[in-house]
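Number of protein chains: 4
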Amino acid sequence: MKISTDQISALNKKQEDSYNSELDFLRNKFAKRGIEVDEIIHKVADFQVAIPSWALGAGGTRFGRFSFGGEPASLEQKLDDIGVLHALTKTAGAVSLHIPWDIPSDVKAIKEVAKSHGISFDAMNSNTFQDQPNAKETYKFGSLSNTNAASRDYAIQHNKDVINIGKELGSKSLTVWLADGANFPGQNNFQTALNHTENSLKSIYKTMPEDWKMFIEYKPYEPNFYSTVIQDWGTSFMLSNACGERAYTLVDLGHHLPNTNIEQIVATLMLKGKLGGFHFNDSKYGDDDVTVGSIKPYALFLIFNELVYGMKNNPQNPDLSWMIDASHNTKDPLEDLLQSLEAILIAYTQALLVDQKALKNAQQENDVVKCQEILQDAYRTDVRPVLKAAREKSGAAVDPLQAYRQFGVRKDLIKERGTKTMATGL
Amino acid sequence: MKISTDQISALNKKQEDSYNSELDFLRNKFAKRGIEVDEIIHKVADFQVAIPSWALGAGGTRFGRFSFGGEPASLEQKLDDIGVLHALTKTAGAVSLHIPWDIPSDVKAIKEVAKSHGISFDAMNSNTFQDQPNAKETYKFGSLSNTNAASRDYAIQHNKDVINIGKELGSKSLTVWLADGANFPGQNNFQTALNHTENSLKSIYKTMPEDWKMFIEYKPYEPNFYSTVIQDWGTSFMLSNACGERAYTLVDLGHHLPNTNIEQIVATLMLKGKLGGFHFNDSKYGDDDVTVGSIKPYALFLIFNELVYGMKNNPQNPDLSWMIDASHNTKDPLEDLLQSLEAILIAYTQALLVDQKALKNAQQENDVVKCQEILQDAYRTDVRPVLKAAREKSGAAVDPLQAYRQFGVRKDLIKERGTKTMATGL
Amino acid sequence: MKISTDQISALNKKQEDSYNSELDFLRNKFAKRGIEVDEIIHKVADFQVAIPSWALGAGGTRFGRFSFGGEPASLEQKLDDIGVLHALTKTAGAVSLHIPWDIPSDVKAIKEVAKSHGISFDAMNSNTFQDQPNAKETYKFGSLSNTNAASRDYAIQHNKDVINIGKELGSKSLTVWLADGANFPGQNNFQTALNHTENSLKSIYKTMPEDWKMFIEYKPYEPNFYSTVIQDWGTSFMLSNACGERAYTLVDLGHHLPNTNIEQIVATLMLKGKLGGFHFNDSKYGDDDVTVGSIKPYALFLIFNELVYGMKNNPQNPDLSWMIDASHNTKDPLEDLLQSLEAILIAYTQALLVDQKALKNAQQENDVVKCQEILQDAYRTDVRPVLKAAREKSGAAVDPLQAYRQFGVRKDLIKERGTKTMATGL
Amino acid sequence: MKISTDQISALNKKQEDSYNSELDFLRNKFAKRGIEVDEIIHKVADFQVAIPSWALGAGGTRFGRFSFGGEPASLEQKLDDIGVLHALTKTAGAVSLHIPWDIPSDVKAIKEVAKSHGISFDAMNSNTFQDQPNAKETYKFGSLSNTNAASRDYAIQHNKDVINIGKELGSKSLTVWLADGANFPGQNNFQTALNHTENSLKSIYKTMPEDWKMFIEYKPYEPNFYSTVIQDWGTSFMLSNACGERAYTLVDLGHHLPNTNIEQIVATLMLKGKLGGFHFNDSKYGDDDVTVGSIKPYALFLIFNELVYGMKNNPQNPDLSWMIDASHNTKDPLEDLLQSLEAILIAYTQALLVDQKALKNAQQENDVVKCQEILQDAYRTDVRPVLKAAREKSGAAVDPLQAYRQFGVRKDLIKERGTKTMATGL
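Protein chains in written order, with the UniProt record's numbering: chain A, 1 to 426; chain B, 1 to 426; chain C, 1 to 426; chain D, 1 to 426.
A couple of the hints might just be wrong.
Copies of the same chain look alike in the list, so a pair counts if it works inside one copy or between any two.
Subject to a maximum C-alpha distance of 20 Å in a straight line, what follows is the list of computed DMTMM-like cross-link-like pairs (lysine to aspartate or glutamate) [to be verified]:
1) Lys411 / Asp367
2) Lys136 / Glu365
3) Lys108 / Glu245
4) Lys140 / Glu365
5) Lys140 / Asp24
6) Lys420 / Asp131
7) Lys140 / Asp367
8) Lys420 / Glu137
9) Lys160 / Glu245
10) Lys357 / Asp131
Honestly, the hints are just simulated from the structure, not real lab data.
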């Protein structure tokens, strides 16, 4: 299954509703404030989000999983799926692999497949939250924080192995998400667990190539239901500082307690030069991992407002690794990812439309009403014409979801792969 | 694996620390207020909690499952496990089955096994949240609320089948837990889904034998992450009223939004004669399903305070079906259940110690400080001697967990069943 | 301070950016789906939201209050302020009074003032959460639920007095918000408190004129921090049913536990014909009472989606009483209310744009992706041209906030009233 | 109003129920594990908690306040009230003052009054969340973080003034609680606000005497409802590190998002030597500020378990400043404080009973069940005899609340001060 440039440009031509008059309107409106829509189109066209290899199959909950036909059964097929997404959007030009689910048997061949789709290798993900068949040590009671040195060493070695695989593929970063924690009060000594974790991370950090970065993820709960060793950004930030300059915090939108002001965390980390990666999804209750922007799109915009601000004003912070980290329990995974990519670009575009100069003035004068008006004006703007223009410019489909359906992608995938394949993942 | 009465009484005799002097102290202290500890011992000895058949294996999360040796591989073995719990505690004299996980191949034989352990058949549980292999209809988009009539009918018929199996076994009630809901705004028409659910429940209700009760469970989220058709007690209560006199609400402790005052819900339902069943577990974040009393024991006590009050003052409410509904991700399931039973009896005993007369007076006088003192006095009392006395009286082990370890139960189970069996469940 | 029609139309003419080309675009786009934008303009122009008399002064928290100049010091001045809002928007044509804060000394004169502004008298609000100077009974430990009959009677009589004042003014409904509850476990007997409340409400209900409605508000916590007698919609619904046909539940957006699915509650109540009133505000943490739409605009849209659906499909439900219930701690109250009115109309318009036929089909086919697309398409539309058209049509300012600032309203109010007046309220 | 030692010892003698047999039982039980109850009695007798000067009057909410007779109208009277608490408990031997509410007119005289009650001066509290009459600058839009330099300077100077008052009185620490934040998205530039705050704090820090400590409090929301500059421990920790060695984080139990694992924060801060102060209260929903231990006593125990562990194992962490920070909306403030002191000592005692050696072993072996048993065994112990012994030992009333009522303290205070005095506070 591969979608050609010709197919897409043919489809784009048939696109009935032209977006050009709307776009002109936006151009004029924002030009008056010194905001150039064409520059924004350029930025939007450049924006790339990594797709994790585990997001291409049906997700599930502890209560079960409803399968979906045509799931990719191999790393090659996963790359093909991302290739479809990238062809349709020109925004999905990277993959984030998960080891051991995605150990390439033939590195060179895999790199070829990726290259043919225009896909690069973003952050590598290690897995120390599940025991693999024939594992010599168990992570049942923790990995990098385990009271048992053998389990810690086993988990450290796994992370080093992941780095090595990543080096071969051309990745430049490692994301460490630790499920370590406790289900019951008393189970862990918090201080011991934290010390073990710090030492384990330092040991992994030291073996990273000099051009690599480490991203330390945090999460308050699940799969542990009493405590998690790296429970919040403060803990991750402390550990990043302990590890060194190239260790950063990674923010996953779903990894927060109810009502957390995530955009403030983003702003703080960028100010301190310590925001390294970002995982997109959305949620109403916990780490629900539903489609980006499907529940709280304004919160997403506010977060992007800080990201855009930081990217412009915080040279101390590195370029960010963007990734979608969602679960597709009741949707076709590829359609879900297309909806997520759309929501990300909408929020990004709206954030780029914020009149930063006017905002700064209003903030300085404590004109709270005006501050709100400025943000809402950007947010209430229908920016879909900008996305369409950006996509047409970069050779993507003007309306990727419509194109996906029109091309009958899922039907073809089922024909190719059958209805019973099951992708590795959660 | 079966533990004999002799083994237990022999062990009880060896029990080093006598609890009798403590018990006498409690007897005297509370007698002054007209509270007879011996009556309480009697009530505690009588209290029976059903064990669900799916709680005897290791639980898990969507991130995985760490197996545990000696898990029961058949319904007989599950009953044997409950038999162990009941022998040790004399509190676990009932089982709650889950269909299709526990369809008995030989009803008579199963009833014999249960009888030999002194176990009765409590509420039957249907499963319309998972598709079984070769299922003719799918529940992916709902069961009793599905927009598709064929799926609704399939789910209705399944519930009727469950009733029929229950009738043969001697059960007298059906618990309906619906996962139905939506992951995304717009997916469901709330009103249609509610109407379908009401009609489906009525259809099931009508086929119940006249001495059966129906328990309608509610839950705000998971496995659906945007909406759940029966999201709260109000919805369940409305549906119970629509179905008829023998339909009741079932309260599961973990099925509430953060900070919900559950004890008030319990009091309201008992006042209205509509509390039918109760599922015990504990949680810090969501439906964590951890050991009863391990996180919020005071909340458990406050709930029992309302239950005890209702059992005494609300003849309009039926006897309650009690069940433990927890998941055992990192503990030996039987040890976890023993800890849960202990916590339940402690809370129950403390609630029985509340000086209701004094409380009523203090409430009438709005002496808020004294109201609190009265509850806290009961709660701060170490009631473990009462539990020990109740257990010794009924032939159970004075210290069940200690006995379980001393008898080497798990070791024997592993010897019998091996390390690779896996119980049905979540 | 009074703004004339001439002033407004003169300003509208000067409005630089015409919204007509955008409006045409919307007209064409939605006409293709059978959605007539001009009908929507008509509906939006008709929509009226009551302003509560207590929302015209600076709000505060328990930590204090920062005053604002030109606050209204009398009922007349409050009506004048609402007159300004209504002149600017033609959407604020009603006031909701709070007794005893707004007892009119001269009913006839007050009615004249209101009439001169085009303002009608919406629901009356009673206050049994504060003790007035020289009160004969105290509400410290509750009002309609008090263990003390004298306090209950006092609160019942107060509500009857409020009805009488409302009758004279032409109001047709009473809103009962009860703060009753407990700060500590044990303080209240839940069942007694609920019974007292039901009886008190029935007694008030019986004295209502036959063309009046009663709205029963619910709230989980604050000002009581352990329990609240009417804690959720289920309790309010139960009490409404007990009182009679003209008793309804009132939903205040801020009165829910974290993550509550409010739109589902709205749908359920409308299906059952029991949604009577609606209080608008927004919040991130609790009952924050901040500007409508300032935190979770998509949730507001989803709620309006259910309201619009119910208004069309649920003839069993009465017309709704709409009110803004917010607190203005750091903004000019009138500007805050203008922003709230804007956010309400935006969400209402977006909900009117939802392609209900397509949505119904997608729901029937369980095309979850398409369901989401349909809602998001409406939500992502920039509907501000529709609001502008509706306002111009009805003689309001095309851009009310801009007009408010241009007319220098606040400056004039301060000149008239000084900087030290303080409006009654929270 | 002053209670003499003789009065107390006379009352203790009349104490009907001797606690000695229970105490002996505890002594024996715990001696077997190498835990000496008499050492614990000693520690409990030594434990001192500061009473804040604002906790001696009735509290309230934004909805109002119900007054209480006999409230202290002056600093002297506040000290007298604390004197009563200290005489009854020998645990309340310190006061924490709030400026400008407690500026002493005659320092020497105030020190005499305090000395006569055995009360020392704990941390000083500044107030930059309210504007005082005739204030030259406003804190409406922030204090240490204000965009306006004049407001920042004004707030900095206020803190310096507070230090100066504290120096005269003999205090050795300053607690900074900042309400600074925003009610609406866009209102604040997060990075600017954080930078301003850091600079302001550094400026205050520099003027502190060398034997003083600074405690930086954090809070997620209220009185600001969108963002708070110091929103969590991570931000406070970062600021403490920026200020210097003698700047520490202060944990207030009520200042956390729902479900936060506070005990883990405590453990982390003590490990890093950065936990300086601790504010006790309890809550179910937000910063409810209700009586300590009245809602989640097990959480309090778990926190004390970490505190006890840290006090023993973390020499890098300084001695802690303990304070009760609660609001007394419906209780006699002194009775409420007596209940809080009791709850604190109970949790402390239970934590001291934890068998640390056994716990460490069980943790090392990942015996999760046993870890839980060890904590629960301590928690389920009725430790009130230990408190009684500790109090009798130190000359306090064995049962302080009973003594308070028996001595008719409130009646006397009303006689002395009348029913209309109103203490400064919230």
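Hint check:
1. Proximity of lysine 411 and aspartate 367 under a CA criterion of 20 Å is satisfied inter-copy only: 15 Å between copies versus 55 Å inside one chain copy.
2. In this assembly of identical chains, the alpha carbons of lysine 136 and glutamate 365 lie at most 20 Å apart only when taken from different copies (18 Å versus 63 Å within one copy).
3. In this assembly of identical chains, the alpha carbons of lysine 108 and glutamate 245 never lie at most 20 Å apart, being 32 Å within a copy and 54 Å across copies at closest.
4. Taking CA atoms no more than 20 Å apart as the test, lysine 140 paired with glutamate 365 passes between copies only; the shortest distance there is 12 Å, against 55 Å inside one copy.
5. Taking CA atoms no more than 20 Å apart as the test, lysine 140 paired with aspartate 24 passes in neither setting, with 58 Å inside one copy and 42 Å between copies.
6. For a Cα distance limit of 20 Å, the shortest separation of lysine 420 from aspartate 131 across copies, 14 Å, qualifies, whereas the shortest one inside one copy, 25 Å, does not.
7. Taking CA atoms no more than 20 Å apart as the test, lysine 140 paired with aspartate 367 passes between copies only; the shortest distance there is 12 Å, against 54 Å inside one copy.
8. Taking the shortest Cα distances, lysine 420 and glutamate 137 sit within 20 Å of each other only across copies (17 Å), while inside one copy they are farther apart (32 Å).
9. Proximity of lysine 160 and glutamate 245 under a CA criterion of 20 Å is satisfied intra-copy only: 19 Å inside one chain copy versus 37 Å between copies.
10. Neither within a single protomer nor between protomers do lysine 357 and aspartate 131 lie at most 20 Å apart by alpha-carbon distance, with minima of 53 Å and 30 Å respectively.
In summary, the numbered hints that this structure violates are 3, 5, 10.
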